[in-house]
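Novice: Top line first, the protein sequences correspond to chains A and B.
Each residue of the first sequence is one higher than the one before, starting from 63 at the first, in this note's numbering.
Each residue of the second sequence is one higher than the one before, starting from 123 at the first, in this note's numbering.
Careful, some of the hints might be misleading.
Said to hold, decoys possible - 20 Å max Cα-Cα, derived EDC-like pairs, lysine to aspartate or glutamate: (1) K261(B) with E155(A); (2) K220(B) with E539(A); (3) K384(A) with D172(B); (4) K605(A) with D522(A); (5) K211(B) with E560(A); (6) K220(B) with E535(A).
For the record, the hints were derived by calculation from the structure and aren't laboratory data.
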Amino acid sequence: MANPFEALREQAKAVWAAVETPQRPQIFVGYGIHGQAAGAPDVLDALKKSLAAEAIAAEVHITGGLGLDFAEVIVSIALPGKPRVYFSDVTPEKARRLVEEYVAAGRAPLDVTVLGATGTLDGSGYADLFSRPEFKHQRRIVTANCGVTDPTNIWHYIAHGGYEALRKALFEMQPAQVIEQVQKSNLRGRGGAAFPAGMKWKFLHDATVSPKYHLCNSEEGDSGAFNDKHLLESDPHRVIEGVILGGYATRASGGKGFIFIRVGWDLPINRAQKALDEAYAHGLLGKNILGTDFSFDVELSLTGESYVSGEETALMESVEGKRAMPRYKPPFPAASGLWGKPSNINNVKTYSYVPSIVAQGGDWFAGIGTQRSKGTALVCLSGSIAKPGLYEVPFGVTLRQVIEETGGGVPNGRPLKFLQTGGPLGGFLPASSLDMPLDFDGMVAAGAMFGSGGIIVGDDAVSVPKITAILAEFNAEESCGKCFPCRVGTRQVADVLERMTHGHGSRAELDAVMVIGDTMKSSLCAHGHLADNPIKSGYRYFKSEFDALLPSGAPASAASMRPR
Amino acid sequence: MDPKIQKVLDSQTRTVTVLSCLIAIQESFGYLVEGAIPAVAQRTGASVNDVYSVATFYTHFRFQPPGEHQIELCWGPSCQIFRSDALMKQAEEFAGIKFNGTTPDKKYTLRGLECAGACALAPVGKLDGTLVGRLTPEKLRERLIAMRQNGGGGHHG
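With these hints in hand, go ahead and build the complete structure from the sequences.
Specialist: As structure tokens, this is what we get:
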């Protein structure tokens, strides 16, 4: 059978060649959420106006985020015969001068910072972009295209090896062989729970009821985490290819995938929708994918504002259009999930690794990372950090390598005080933990968790009880209300911390909060199980800060409040 | 059923559920207009009670029209480290209302966001749907004045 993918690959090569070795100037504007927040829409506008005023025929593309979010808006320009040069902190005014001085006359304005360049650098005077310190510890697998290709152009993705894994699976592998590679890779779920993905897929593969569903979770309500949105807005086809591979591997032909995301995240939503439309148009989705007998649909499913809707069973309730409240398990989703049918839920990042695993083999992936945490981690750095952004590093690098060498450490010479990891259900780590390697299990043992990858850095001026109170309030607001230990407990914890940070706390209340945390463990889902992580870990490492908030003369203890 | 609501419900391109219908109505009208709940019940076969239960669960649904201008400030921990409370105070003074409210003249709606997803450029706000990073009270004030002078924005974020 003639493989229709050959034609797609040829066309993609031609499209990308015209970008990489261009006849006319190619301009790329970093337009992910961070680019947008830094002013990308105005920069794009200024570029187009200046090009028109100078009567220059150039092609203007957008990209997602390169990960160096602190440097946005990043504009990169490839002139014919020149490397692609990345400029940082571009404003509309600087954009105008880039056109007038660099694009029109070949002279880069001296006051526009150059991050580096890619392509043929010999004699150009520019350093390799990827030789920058922020990339030293990075190993870009799922973010390889981010900030480089245009997420609204399927040809850019295919030209960079996109959909090759799908072709390989469909034409050279049985579903069970795909699962075998995912199991070999030891890929663990990236949504927080770190469950082995291959095992979940095997359960769904073995289910005999149809249709089968794949739910790609991009809800990402965690404060401090933005890697799910980053992947969807920067390289949506990779996510889609991962979901289609999931469908094929689990014998879900005739079934459907849902990419689940919160309403209001317009950039990732619009880019994912555009990418789905393109995939359908080129026979990569829908009936008889690439002419085979495998058929699979993928659509976006929008949810309302609710943090718990990111929990896997609550997510299914939300896709069904109901209140996002967790279900009892068992039955597990692989037996009875969405609309009672066999289903699999994974995070966006988990699905995104699969194309690389299928293309390069499970052993390749298992060779990256630590003994039990394989592959890479997408770390989102924010807070008191010199270079906030998104960095993809192999598991096993130390927090110091991430915080200091990649993120540039705490700015203004202040000392590092804490790392708050894993979102509002994660915990605090003290500065002394910097030599800890990044690892799912090691971080849980230390009372924090890697979770979905957010790390908020705090310097000595930031109050741990204050941040704990913010997280506790979030957890109380976001308790879905189904299980009363969580519904009532999260509110009590938040109120106690609120009183404490306003000087009205008491030792008895602080003691009670620790007991409430244990009671909340009887809740159905991780929201209740983990909601006391911030206060437990905060108190463990920064006890004196909490104690200092108690009014002097407060009762020493409240042993009578403890259950006996 | 109100034909305007009917048109919105019929033009959905994705799987139709109670939640999808409510989202479609709020995206079109800016809030859950009168008649929305029974219309969604009729369209999906759910009870009015069930539709209310969904509409009151997800926190972004509103039953009153929002103000002409949307001022949304991120209230996540990364933004709070960068003093988003000072921004909130600035916005409260500007609009003359408290956090999470709409002015009586329906000019401004002020709201806290749990996380705007641009933590690396904290503190962050969304003004009439436009994301703005690295806000300072001064920069916010300039933007708010520009917003007031530009007249109707009305982007329903």
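Novice: Given the hinted pair K220(B) and E535(A), is their Cα-Cα distance within 20 Å?
Specialist: Distance ~18 Å between K220(B) and E535(A) Cα, so the pair holds.
Novice: K211(B) and E560(A): Cα distance at most 20 Å?
Specialist: Status holds; Cα separation ~19 Å.
Novice: Under the criterion that the straight-line Cα-Cα distance not exceed 20 Å, is the pair K261(B), E155(A) satisfied?
Specialist: 18 Å, holds
Novice: Would you check the hint for K384(A) and D172(B), treating anything up to 20 Å between C-alpha atoms as holding?
Specialist: The hint holds at about 8 Å.
Novice: Given the hinted pair K220(B) and E539(A), is their Cα-Cα distance within 20 Å?
Specialist: Holds, at roughly 18 Å.
Novice: Are the Cα atoms of K605(A) and D522(A) separated by 20 Å or less?
Specialist: 15 Å, holds
Consistency with the previously given hints is maintained throughout, with no hint failing.
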